[in-house]
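From first to last, the protein sequence lines stand for chains D and W.
Per my numbering, the very first residue in the first sequence carries number 9; after that it's consecutive.
Per my numbering, the very first residue in the second sequence carries number -13; after that it's consecutive.
It is possible that part of the hints are untrue.
Said to hold, decoys possible - Example chain D residues on the side facing chain W (calculated, C-beta under 8 Å, incomplete):
1) 30
2) 143
3) 182
4) 185
5) 205
6) 209
7) 232
8) 239
9) 240
For the record, the hints were derived by calculation from the structure and aren't laboratory data.
Think of the CB as a built atom: it goes at the ideal place given N, C-alpha and C, for glycine as much as any other residue.
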Amino acid sequence: MVIDCHAHLSGPKNDVTISWGVPDEKVIADSERLGIDAMCVSLLTRERPATPDGFRECNRLLAEITRRYPGRVLGYAYVNPGYQREAIDEVRRCIEEYGFIGVKLYNEYKCTDPVVWPIVEEAVALRVPILHHAGHSHYFVATQPNMSDGGELAELARRYPEATIICGHVGGGGDWEWTIKAVRPAPNVYLDTSGSVFDAGMIDMAVRILGPERLLFGCDLSYTAGVGKIRAAALDDEARRLVLGGNMQRILAMRGGATC
Amino acid sequence: MLIDTNTYLGHWAFRPLPWRDADSLLRAMDAHGIDQAFVSSASAILYRNPQAGNEELFAETRAHPDRLIPFAVINPTYADWEHDLAVCCEEFGIRGLRLYPKYHRYSLGDANGNALIEAATARGLVISVPLRVEDYRQRSWLLDIPDVTAHEVAEAARAHPKAKFLPVNGMGYLHTAFGKPGEAQGDYALEISRLTAVLQEELQKLIAAVGPDHLVFGSGMPFTVPEVPLLKLELLDLPEDAMEAIRWKNAARLIGQ
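For reference, chain D alone in the conformation it holds in the complex (with noise of 0.2 Å):
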C-alpha cells in the first residue's frame, strides 16, 4: 500500500480554493500511475488568512471528492487557527460527518502561538495527525512570516506528546538538513519526504537521523521528485514498506474507522 500523505487538489472551478492549474481527475489519475494507492488531501483557501466561510467550503468541496474516489482520495481538514471555536467545529464535523483523517494546519499562526493549541488538543481528542506546512530558510521569507519551522514543530509535540505531528515537505522546505536535526527529539513527530527537491543524500540522512518509522512518503503534486527520492533512498524492503505507507496505515488507525 502506497499512500501519498501529503496531497492537493482544487475541486470543481470556483473562486474559493487554490486552483493548481491541473484537473483533479489528471491529478489523481497521473498519481496512480506512479503506483500510488491513496493521497491524502487538502483543498486551501485562496486567499489567506482563510475565513470560516472560505475553510468550510474547501473541507465542503473535498468532501465531495472523497465520496466519489472513496479509499483513494482521503481528506485533511483545513482550518485557520485563529477562528478558534469555528475552527474546531469544522474539525469535528470534518472528521465525524465527513469522515476526514487528519487534520491540516498551514501559515495563518506558528504552531507554537497558543492560538492553535485548541486545535491540536481537538485532534488528539479525535485521535488524528495533525499535517503541518513547515520550512526553515536561513532568510526571512517575507510571504510567509507565520511559518512554522521543524523546531517549533518539535516544541509544540513536546507539549502535547500524545498528537501526532506530521512536518510538512522536507524537500520543500528549505534546508532539509536543519530539519532532519530539528524533529529529531521530538518522536511524535513525523516527517512528510514530499517537495520538488530531490538532493541526494536527503531520505538516506532522515532514515540515520529519524528511523524510517518516523518518514511518511509524500509528494505535494511533485509526484516524479516524491516517488523518484524513495526509489533513490538505501532503504530495505521492510523500512520501505513503511516509508511508502506503512506507517501512514498505522497513523490512520489510531481513529480506527478510516482506511484506504
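With the hints as your guide, set chain W onto chain D.
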C-alpha cells in the same frame, strides 16, 4: 545507451556530496545504466580561481576518457581566463563549459559573457548553464545567489546563433525561444531533470513544440538523484527513435561524437 549531460565531481561547500571522485561517480553511473557523462568540477563553482577545480577534474577524468567527458568551469571576470580556456581545450580535452554567471557576477549578455560565449563557440564547445546549483530556499546564510532564468539563456542563444547551449537544472522553457520552433537558431538541448513529466507536462509539451531533438537526459549527480529523471524517461510515450535521441543521440550530437 544513456548519456548523462549533467554530473559533477569534487566538493560543494555547504553539504557533503555522496560521490566526489571518478571511481564513485562511475559506480553510481553503472548502478543506473549510464554509459557516459558530461562532468565538471563542483569545487570550481566557489573556488576564486576555477582553473584549480578544472585541474582537479582532469586529474580524475583522464583515466576514463571513454566514459567521463570533461566540461570546464570558466569565469570570464577572472585573470587570464583565455589562457585557462586554451589549456582546458588543448591539454584537458574538454568538450564544453559550465557557466555560473550569477555566482561569478557577470551576465550572459554583458561584455564578459559575450566574450566567453564567442570564444567557446569559436572552439566548438557546448555551453552548459546550470540554472541553479541548489534549490534557492535552502541557500546558506553566506550566499544569496538567485537562479539564472530560462529567458536569460534563451536570449543568449538568440544573440549567438552559432553557439551550442545546454541549460541544465532548469524549467520554464516553454515561453522562451527554446520552446518555440525556429526562434533559437543554433543547436541547443534542454536537460530534463527538473521538467515536469506529469501534471503540467512541460517535458511532453516541449517535445510537441520543438521535437525530441532538443531534449537530453541529465541527472545532476551527485547533487541530486538520477532516479527522478530516469522516472521521467519511463513516463514518456514516444517512438523508439525519439527515446534514443533523448537518451543519448542528442547529447552525442552536441559534442560531435
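Discussion item. Tell me the numbers of any earlier hints that the structure contravenes, in ascending order.
Written reply: none
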